[in-house]
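Enquirer: Going down the list, the sequences are from chains A and B.
Position one of the first sequence corresponds to residue 1 (this note's numbering), numbered consecutively onward.
Position one of the second sequence corresponds to residue 1001 (this note's numbering), numbered consecutively onward.
If you are wondering where the hints come from, they were derived from the structure by calculation, not from laboratory data.
Hints should not be assumed to be uniformly reliable.
Quick partial rundown of chain A residues pointing at chain B, CB under 8 Å, derived from the structure [unchecked claim]: (1) Val-324; (2) Pro-358; (3) Thr-376; (4) Val-380; (5) Leu-453; (6) Thr-457; (7) Arg-459; (8) Pro-460; (9) Pro-468; (10) Tyr-470; (11) Phe-475; (12) Ala-477; (13) Leu-486; (14) Lys-493; (15) Glu-598; (16) Asp-602.
Mimicking SDA-like on lysine to any residue, the simulated pairs with C-alpha atoms at most 20 Å apart in a straight line are [as the list claims (entries may be wrong)]: (17) Lys-520/A / Gly-534/A; (18) Lys-362/A / Ala-1237/B; (19) Lys-493/A / Ser-1157/B; (20) Lys-611/A / Asp-555/A; (21) Lys-356/A / Gln-1145/B; (22) Lys-362/A / Leu-1263/B; (23) Lys-356/A / Ala-1139/B; (24) Lys-356/A / Glu-1138/B; (25) Lys-320/A / Ile-1180/B; (26) Lys-362/A / Ile-1180/B; (27) Lys-1075/B / Gln-455/A; (28) Lys-1064/B / Gly-534/A; (29) Lys-356/A / Arg-337/A; (30) Lys-356/A / Lys-294/A; (31) Lys-237/A / Gln-198/A; (32) Lys-1064/B / Lys-356/A.
Quick reminder that beta carbons are idealized off the backbone N, C-alpha and C, glycines included.
What follows is each chain in one-letter form.
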Amino acid sequence: MARVILITILVGIFGASPTFADSPSVTAVLNASEALVGETVQLEIRLKGARSADAPETIAVDGLEIRRTGTSQRVEVNNFNLTSSVIYNYTILPLRMGTFTIPPQTIRVGNSSLRTPELTLNVAASPSGQTTQRRSGGSSTTGANQLVFAELVVPKKSAFVGEMVPAQVRLGFDPRAHPQLIEPPEITGQGFTAQKLQQSGQNSETIGGRPYEVVVYRTAIAAARAGKFELGPVKAKAQVVVPQRRSAPRSRSPFDLFNMDDPFSDPFFSNPFGQFGERREVEITSEPVTLEVKPLPQNAPTSFSGAIGNFSMTTDAKPKSVQVGDPITVTSTISGRGNFGRVNAPLVVDERGWHKYPPSSKFKQDDEVGISGAKTFETVLSPNEKRQSLPILAFSYFDPVKEQYVTLLSEPIAIAVQGGAASAQNIATSPPAAANPAPEARPSVTAKPADILYQLTERPAVAESFAPVYSRPLFWAAQLVPLLVLFGFVGWKIRQAKIDNREARRIAALQHEAAELMRKLHRGDASPREYYVGASRLLRVKAALARNIDPNTVDAETAAETFGLNDDSRERLRRLFEQSDELQYSGAHNGSAKVSSENRRDVLELIENLK
Amino acid sequence: MKPRRTCIELYELNVKNRAAEPPSFYHRHSARRSRSTQAVFIGTTLAIFLATSAFAQSDAEFTKANQAYAQGHFKEAVAGYEALVRSGQWSANLFYDLGNAHFRAGDFGHAILNYERALALERHHPEATANLQIARDEARALELQPSLPERYLQFASTNQYSIAAGIAFWIGALCLVVLIFARRRSIAMIVLLLVTFSVFAGAIFAIWQRERGVNGRALAIVTVENLQARIATADTANSVLALPPGSEVEILSTRGDWIYAALPNNLRGWIPATSAEQVRL
Chain A
1 MARVILITIL VGIFGASPTF ADSPSVTAVL NASEALVGET VQLEIRLKGA
51 RSADAPETIA VDGLEIRRTG TSQRVEVNNF NLTSSVIYNY TILPLRMGTF
101 TIPPQTIRVG NSSLRTPELT LNVAASPSGQ TTQRRSGGSS TTGANQLVFA
151 ELVVPKKSAF VGEMVPAQVR LGFDPRAHPQ LIEPPEITGQ GFTAQKLQQS
201 GQNSETIGGR PYEVVVYRTA IAAARAGKFE LGPVKAKAQV VVPQRRSAPR
251 SRSPFDLFNM DDPFSDPFFS NPFGQFGERR EVEITSEPVT LEVKPLPQNA
301 PTSFSGAIGN FSMTTDAKPK SVQVGDPITV TSTISGRGNF GRVNAPLVVD
351 ERGWHKYPPS SKFKQDDEVG ISGAKTFETV LSPNEKRQSL PILAFSYFDP
401 VKEQYVTLLS EPIAIAVQGG AASAQNIATS PPAAANPAPE ARPSVTAKPA
451 DILYQLTERP AVAESFAPVY SRPLFWAAQL VPLLVLFGFV GWKIRQAKID
501 NREARRIAAL QHEAAELMRK LHRGDASPRE YYVGASRLLR VKAALARNID
551 PNTVDAETAA ETFGLNDDSR ERLRRLFEQS DELQYSGAHN GSAKVSSENR
601 RDVLELIENL K
Chain B
1001 MKPRRTCIEL YELNVKNRAA EPPSFYHRHS ARRSRSTQAV FIGTTLAIFL
1051 ATSAFAQSDA EFTKANQAYA QGHFKEAVAG YEALVRSGQW SANLFYDLGN
1101 AHFRAGDFGH AILNYERALA LERHHPEATA NLQIARDEAR ALELQPSLPE
1151 RYLQFASTNQ YSIAAGIAFW IGALCLVVLI FARRRSIAMI VLLLVTFSVF
1201 AGAIFAIWQR ERGVNGRALA IVTVENLQAR IATADTANSV LALPPGSEVE
1251 ILSTRGDWIY AALPNNLRGW IPATSAEQVR L
């Protein structure tokens, strides 16, 4: 079973045909947007999601000579998705000054056609009329001569202090020398800072009739001070296989058409297994490049923080409806090309009526070396009073092409601030968007802060506690008081209920006794003593039930009063009680055995009429 | 004839006889009770004396710190007030004065922290409220925004809600007992029962909301300069928000030397544990 699962997994892994992550797409990018006449610029058309395509060999633009110089391929695997990219490299040679537009190019991939974006290249006149220092390249040791080369390509001859100048390092290797890079290239020199070299591509080029695999590294250089600098040389180390020298004359290599002492004319390269080459470490060195660095002009605006390049700014705020004192997050995005390390958050032109908090920033770069991208700042502003719009933000930078400072101002963003008092002065003096282009006019707010209040010298005798009252033992101890009160109340109520219950039972017993006596009186088989005693007892019970008293305490008068009898009935009642007492205590009852029916009727009538 | 003795003579005789008698059980018990009463009395007196002397001593320290403040020796005053805080002699005025001393020493983070502590002990402390606002303005400290229910529940303190909950509960319990034992169910009593239990439930909700809210037990104040809240527990992680000293954060969890906190402006991030102090001690 396990074997079946394993085979299934292996078939799944190896049998699955590679799938492209996305549909084909194409991008085009210049390594510099500005150049001088005669200074070459690299154009890279990158086709993603395809292995091959039909790309033009040349691109016709009047004033520019654009030729394809190589093709490289890159394959990436991400989460089992295979992505293949083809990179077409072009070299652009500006023939005259001006602004040139490289039109969209049609790239055919299978049956579909893709178009590159339109690109713009600004070409300035070359100050000395000289061409770019290219292929000033170095070579290495004698034996490895012309097997490797290095060159530093800097598209600009002059720059300003702090300006990020893009640069390229190209390392070329003859593939037949089986090169192996030991130490990556490094730009030597002083007075400038360079970004970390990032490998951006590899292509095949034929230079001077020899094939080379050229590895391209990109970086950006910024001069720390004004003056004339030598950038480089670029240094790297590689291992190459060089043929061993022979004393005997050898036949000429088919590569060495012009008898240029091509080392590959050695038979080693035609039959590597027949002869032995020598693996040798070579140092690759380029020629240095001269860069003239100019200082920045003196009239820098207040909001200038050292940003040099070409930027644009967008702003947004959230929320737009707040209470006085509530925070508003203002998001300002500076995008473009330049030294983003020196791009600081835009300044608030007029801070009056606002609290500004330190901003946070986030940078998203668009290229390998970080000179192109967008930096987003989030600044929290809090209104101190009613306001109708956010304060204007200003961001200044130095444009090296125009050679002047540029200040970008944000559009006024309408907001609604509720609560607090409107400051007429601030509303009246708030600057309009266009009327205050330069942040130098920003009024500085230096209001003296309010002073704190006096010390308090009184202290309570008992220390206070941060613990909430419900977590203190005293609070729960205090709950015993109402708990005891509640228990007392419940006990009292239960006792009352019990007492009420006893009374009810007594009444029920009396009612039961009355019913029994009534039944006996109706039967007529009782002796006169029993009959009259029972009748008087019944009267007492009835009176006791009516007055809620003990029946033993009821006499004839009480019973007559209880039932509100007239004189005749009262007299009959009294006689009944007297007769009962007489029969009970005198012993006269021993004479007659039965009560006459007339007397019984009379007694029953009296009792039944009692209500 | 034996002369008749007067009452006074009889009493004296009785006393003499008692003195001559050996001590009975009653007398021994009485003597023991008197000794224990004496011990309690001495203990109580001693405790009162110690408490009084401790308070007098702390009062002297408080006065000394106040004098240091008045003379402009703010760091000395801070040390004096903090000694009292460490000894547990907490009061709103002590934290207020400590906040003032920190403010004068230029430490706005700790000033705001101590004003907040004063207000945590005494919600209506006008001086602390005023100085807190000034310190916040100076430090440009960020504040947490209370949620909507919390904003409406701010009119009373947690302690007041606790007492209200207790009273409502017992009134409600009494109403329930009355209703159970009553022969006839009174509408008024039923309404009162519902009202009291509603008040009780509302007070409990208010306590819960306040304790877990921005002014609850998790409230902490940033006490260091140039603090960046980060998206991960590393100094190199991306910044979420720059927090000026005195800014409010709500501690959500702690991991090692880092605190995961709710930040102003509805953000969340990690800050070093040493960079903020909880308001409630």
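Enquirer: Now, for every hint given, state plainly whether the structure supports it.
Expert: Results of checking the hints against the structure:
no.	hint	verdict
1	Val-324	13 Å, violated
2	Pro-358	4 Å, holds
3	Thr-376	12 Å, violated
4	Val-380	6 Å, holds
5	Leu-453	5 Å, holds
6	Thr-457	6 Å, holds
7	Arg-459	5 Å, holds
8	Pro-460	5 Å, holds
9	Pro-468	5 Å, holds
10	Tyr-470	4 Å, holds
11	Phe-475	7 Å, holds
12	Ala-477	12 Å, violated
13	Leu-486	6 Å, holds
14	Lys-493	4 Å, holds
15	Glu-598	48 Å, violated
16	Asp-602	43 Å, violated
17	Lys-520/A / Gly-534/A	8 Å, holds
18	Lys-362/A / Ala-1237/B	11 Å, holds
19	Lys-493/A / Ser-1157/B	37 Å, violated
20	Lys-611/A / Asp-555/A	17 Å, holds
21	Lys-356/A / Gln-1145/B	17 Å, holds
22	Lys-362/A / Leu-1263/B	18 Å, holds
23	Lys-356/A / Ala-1139/B	11 Å, holds
24	Lys-356/A / Glu-1138/B	11 Å, holds
25	Lys-320/A / Ile-1180/B	57 Å, violated
26	Lys-362/A / Ile-1180/B	67 Å, violated
27	Lys-1075/B / Gln-455/A	15 Å, holds
28	Lys-1064/B / Gly-534/A	99 Å, violated
29	Lys-356/A / Arg-337/A	28 Å, violated
30	Lys-356/A / Lys-294/A	36 Å, violated
31	Lys-237/A / Gln-198/A	17 Å, holds
32	Lys-1064/B / Lys-356/A	39 Å, violated
Hint check: violations occur at hints 1, 3, 12, 15, 16, 19, 25, 26, 28, 29, 30, 32; the rest are consistent with the structure.
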